[in-house]
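If you want the building blocks of each chain, they are given just below.
2 protein chains.
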Amino acid sequence: EQVAKLLELKARLGVDDGRPRFLLKTPKGTRDYGPKQMAIRERVFSTIISCFKRHGAEVIDTPVFELKETLTGKYGEDSKLIYDLKDQGGELLSLRYDLTVPFARYLAMNKITNIKRYHIAKVYRRDNPAMTRGRYREFYQCDFDIAGQFDPMIPDAECLKIVYEILSALQLGDFLVKVNDRRILDGMFAVCGVPDNKFRTICSSVDKLDKVMWEDVRSEIVGEKGLSTEAADCIGEYVRLHGGLDLVEELLQDPKLSQNKLAREGLADMKLLFEYLMLFGIADKISFDLSLARGLDYYTGVIYEAVLLQQQNDHVEEPATVGSVAGGGRYDGLVGMFDPKGKKVPCVGVSIGIERIFSLMEQKMEASEEKIRTTDTQVLVASAQKKLLEERLKLISELWDSGIKAEMLYKKNPKLLNQLQYCEDTGIPLVAIIGEQELKDGVVKLRDVATREEVDIRRENLVEEIKKRTCQP
Amino acid sequence: EQVAKLLELKARLGVDDGRPRFLLKTPKGTRDYGPKQMAIRERVFSTIISCFKRHGAEVIDTPVFELKETLTGKYGEDSKLIYDLKDQGGELLSLRYDLTVPFARYLAMNKITNIKRYHIAKVYRRDNPAMTRGRYREFYQCDFDIAGQFDPMIPDAECLKIVYEILSALQLGDFLVKVNDRRILDGMFAVCGVPDNKFRTICSSVDKLDKVMWEDVRSEIVGEKGLSTEAADCIGEYVRLHGGLDLVEELLQDPKLSQNKLAREGLADMKLLFEYLMLFGIADKISFDLSLARGLDYYTGVIYEAVLLQQQNDHVEEPATVGSVAGGGRYDGLVGMFDPKGKKVPCVGVSIGIERIFSLMEQKMEASEEKIRTTDTQVLVASAQKKLLEERLKLISELWDSGIKAEMLYKKNPKLLNQLQYCEDTGIPLVAIIGEQELKDGVVKLRDVATREEVDIRRENLVEEIKKRTCQP
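Protein chains in written order, with the working numbering: chain S, 5 to 477; chain C, 5 to 477.
Hints were generated in silico from the structure; no laboratory data involved. The reader is advised that the hints may include incorrect statements.
The list makes no distinction among identical chains, and a pair is therefore deemed to hold if it is satisfied within one copy or across any two copies.
[Unchecked claim] Restricting the straight-line Cα-Cα distance to at most 30 Å, the calculated cross-link-like pairs of lysine-lysine (BS3-like) are: (1) Lys40 - Lys345; (2) Lys115 - Lys348; (3) Lys444 - Lys275; (4) Lys32 - Lys115; (5) Lys115 - Lys29; (6) Lys215 - Lys32; (7) Lys415 - Lys449; (8) Lys375 - Lys72; (9) Lys29 - Lys57; (10) Lys126 - Lys57; (11) Lys32 - Lys345; (12) Lys415 - Lys57; (13) Lys265 - Lys416.
Since the structure is predicted, the reported quantities are computational estimates derived from the model, not experimental observations.
Input sequences plus hints: build the corresponding full structure.
In C-alpha cells, the structure reads:
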C-alpha cells in the first residue's frame, strides 16, 4: 500500500519536461487485473461456475447501467452510493449497484416466472472501501438465484448447499454459514415492543453485530434511534442466541415469540430448512443465529451469510475474521415492484463474495511461492542458426493449424540462449528447434526444458509427439 | 422490432391502478442476454479465446471507467460519443470507449514494454446504432495485441493469421481481409497535394468508402473540406486500387508514390507482410486495398479490416455486406502519450467485432431450428410416488457430491409426467427414478428420455452409469 501511495504521488507530480501532467492511475477504488491476477481469477470462477452448472443453472447477462428509476427505492440508505451517469441528453442512467435488482427487472420485463440462473458481473458502489482487504468500488458479484412458486424451503436449502460446495471446493479453510429469517427478526422486534415504523432502522443497527459489540448497538438504538431500554434489552436477550435445530424447537415454545404469527411462520420454515440441510449432510456448518440481520430492504424470508473462521495457526497480525464471503436470502416482493400489476415472483438466491476470495487466494499464492503460469503455451518454435525466420514461420503455422499452442520470438535471428531463457521464464515445457541439418533430414529437435533432453522427431510425427508430451489428447 | 416497439409503448403508458409508471426496459442501445443468447455467446467466446491461447496470449482486465483525462484527446471527432459519469465529488470519470486506450494506460502505468495479451470486455459509445444489425451502445470488444520492440511485420502478420483462424473456425462464410498502411495513405495524400493539416480529415472521408461511392466522398472532400479537384482526382485514382503482392511491387515503381519516403517505407513493409502471409498460407484471403483508411487517430503503420462476403444463395432482402467483423492495426505512439518521458512502446493488435458475429450466429441458429441447450444437466432426480421428497433430496445430494450435474423439481409431490416433460423441454437426457420398490431393492430406475428405455441400476453403480451414458469420464 505504501508503494501504491508513493507511485500515486509520483504520478500526481508529473515531470517538468513539458509532457502533459496527468495522473497515471485507475480511478479510486478500482484496479487492473494483470495476467497473474487473471490466472487466479479464472481458477476461482471456474470452480464456482462448475458448481452452478452442476445444479442446472442457466446464465444471463444485463447491461452495466440501468435507467436511474429502475434502481430508485431499492436500496434504502445505501442509495447514496449509486454511481449516476452524466446527463448528456436522453435517458438518465445509473451503474448497477448489484445483480439482484437487474435480475428482478429482467424477470418482470420478460414475464419470466420460473428460472434458475447465475450471473457473474461487475457492480459499482461509491463507497470508501479498504482495498487491502479485497473491497473495491468496482467489484465482481457472482449470483445464483432460483425464481418461481415452489414448495417451501426446497430451493432455499439448495442455495445453502451451493455455498457449502463452493467454499469447500475453494479450500479457504473452515467456515460457518449463519442463517436467520426476516420474519423471525420482525416477530422479535414486535414482541419486544419496537414500533412498526422503526423495524427497518433497528434492523440495520442489529446488522452491525458482526463488527461491533452489543453494548454499542444498544446505545445506538436507545440513544440515536430512541428505543426504550426495555425493548433494547429484550432484543439483546434474543440476539445472543445461536444454535441448530434444537434452538428452533426451543423458540417455537418461547412464551413471547410463539405468540407472534410472523415469528411462528419463520420458525416453522427454519425447522423445515434444517431437516433438508441434514438430508444434504451439511447441517453441521449451518448456525441459526438471531443476530444475523443483513441490511438490504428487499429480503422477506430466510437470510444467510457465510464467514470464514480464524485458522488456529494464523499470525496474530491477521484480521480476526475476513468477514462475509457469501450471503443471500429470500426476496419474494422485488419482482412485483417492477410488474405493472404487482404480480409477484418468489425468489431466493446467493451471492458469492468473490473479491474477498480473490484477495485471500492471492495472499495464499504469494505465501506458497507456487509459480503461476499465465499462458498455456506447449512449445516454442526456435532456431539454432541465423536466417531461419521463414522456416520458423512455416513450422509454427503448421503447429497452430493442428491445434498446438505455440509461440516464437519475434526476431529475425534470435539467439538460442534467449529462446531457451524465454521458456524458463514463462514455463513453456517444450522447444521445437530447427537448423540446417534438421531441415535437410526432415526432422525437428524436440527439447524438454526441464530435463534438457533433446530428441530428433520426424516432422510428420511432431504434432502427435507434442500432444503426447503435454498430455493433451 | 415491431413487438419491441409495442412493448415499449405499453411500458411507457403504464397502467392506471396506482402502481408506479416507469419504463420497464433496458437503456437505449443496450440489451439483456437471456440463456439462449448466452449459450451462443459462450460458444463464440470459447472459439476466440482458444485461438488467442493457441498463440500464447495472456489475459488482462481493466476497470469499466477511466479518469476522464485518460480518454481525452485519443479519439478525435468521436470523443463526443464518450459516456461521462456524473460529478458526484471526487474524480471525473468516463466509461471506456475501447480497450486499446486502457491497454496503453496499463502498459505505461506498469512500465511494461513487452506483452502479448487479450482482453474481452464491454465498451461504451453514445452512438445511434442499428441494433438489428448487431450494433449497440454497450458492446463487447475482443482484443488481441502484441506490444514490444520487434523485427518488422512479424507480430503484424500473426495478427492477420489470428483473424484468419477465428473467422474460419466460426464458419461465417467467405471473408476477405483488407490491409493498408497509414504511411502509404499519408504518402498518397502528400503526393496528391493534400495540405499536411488536412490529412486526418481527408482520411476520415476516405474511411467512408466501404459505405458510400467515391463520387460522394469526392464531393465531400472538394465541397466541405475545400480540397482542389486535382488533388481529389489524384486520390480517386489511387483508392480504386486493390490487389496482392503484385500491386505492392507495382506501387513501389509508381513515379509519384515512390518519391515519398513514408510511402516507400509503408510499401516495403507491406511487401514483407505479404511474404510472411504466404508462409502462413493465408495470402489468398488478404487484399491490399488503398481505400482502407480506418478512422482512429492513433494508427501509425499497417491497418486492416475483415469483411464477410455476400453468400451466393443469400436472400435479396439481406444487406449486401454485414460490414466489418474484425479490424486493427499498428499504433506505435499511443503508449508514449501516457509515459511521463514519452517513452514509446510499439504495439499492433486486432479487435474482433463480436457483436456482429453474435448477431449473425443468432440469425443462423433461428434459421436452422437447431435446439440450443441452455444447461448441461445430465440427469433429473424424479419419483414415481408421493412422499418421496426426502429420498429425492438424499439421492440428488449423493449425485452432486460425485460431480454429476443433476436437477429435481422443487415440489413435494410432483407428477411423473411433469418430471418427464421437464426433461423434454430442457433437453436433460436421463431420469433417475425412485419409488418404494426401488428403495427396497437398493436400485434406481434409469430412464433414457429419447428412447424411453428404463433399466434398474444398483445405487452404488449409478454415478458411473450416468457418467458412461453422458460421455463424461
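Hint by hint, here is what the structure shows:
Proximity of Lys40 to Lys345 under the C-alpha cut-off of 30 Å is restricted to the inter-copy arrangement: shortest distance 27 Å between copies versus 49 Å within a copy. For the identical chains of this complex, Lys115 and Lys348 are intra-copy neighbours only, at 11 Å inside a copy versus 53 Å across copies, given an alpha-carbon limit of 30 Å. Proximity of Lys444 and Lys275 under a CA criterion of 30 Å is satisfied inter-copy only: 28 Å between copies versus 78 Å inside one chain copy. Only between protomers do Lys32 and Lys115 lie at most 30 Å apart by alpha-carbon distance; the minimum there is 20 Å, versus 38 Å within a single protomer.
In this homomeric assembly, Lys115 and Lys29 come within 30 Å of each other (Cα to Cα) only across copies, at 12 Å, whereas the closest approach inside a single copy is 43 Å. For the identical chains of this complex, Lys215 and Lys32 are intra-copy neighbours only, at 25 Å inside a copy versus 42 Å across copies, given an alpha-carbon limit of 30 Å. In this assembly of identical chains, the alpha carbons of Lys415 and Lys449 lie at most 30 Å apart only when taken from the same copy (20 Å versus 63 Å across copies). For the identical chains of this complex, Lys375 and Lys72 are neighbours neither inside a copy (45 Å) nor across copies (37 Å), given an alpha-carbon limit of 30 Å.
Taking the shortest Cα distances, Lys29 and Lys57 sit within 30 Å of each other only across copies (28 Å), while inside one copy they are farther apart (37 Å). Taking CA atoms no more than 30 Å apart as the test, Lys126 paired with Lys57 passes in both settings, with 20 Å inside one copy and 24 Å between copies. Proximity of Lys32 to Lys345 under the C-alpha cut-off of 30 Å is restricted to the inter-copy arrangement: shortest distance 24 Å between copies versus 41 Å within a copy. Proximity of Lys415 and Lys57 under a CA criterion of 30 Å is satisfied inter-copy only: 21 Å between copies versus 44 Å inside one chain copy.
Taking the closest pair of Cα atoms, Lys265 and Lys416 come within 30 Å of each other only across two copies (24 Å); inside a single copy the shortest separation is 81 Å, beyond that limit.
In this structure, the one hint that does not hold is number 8.
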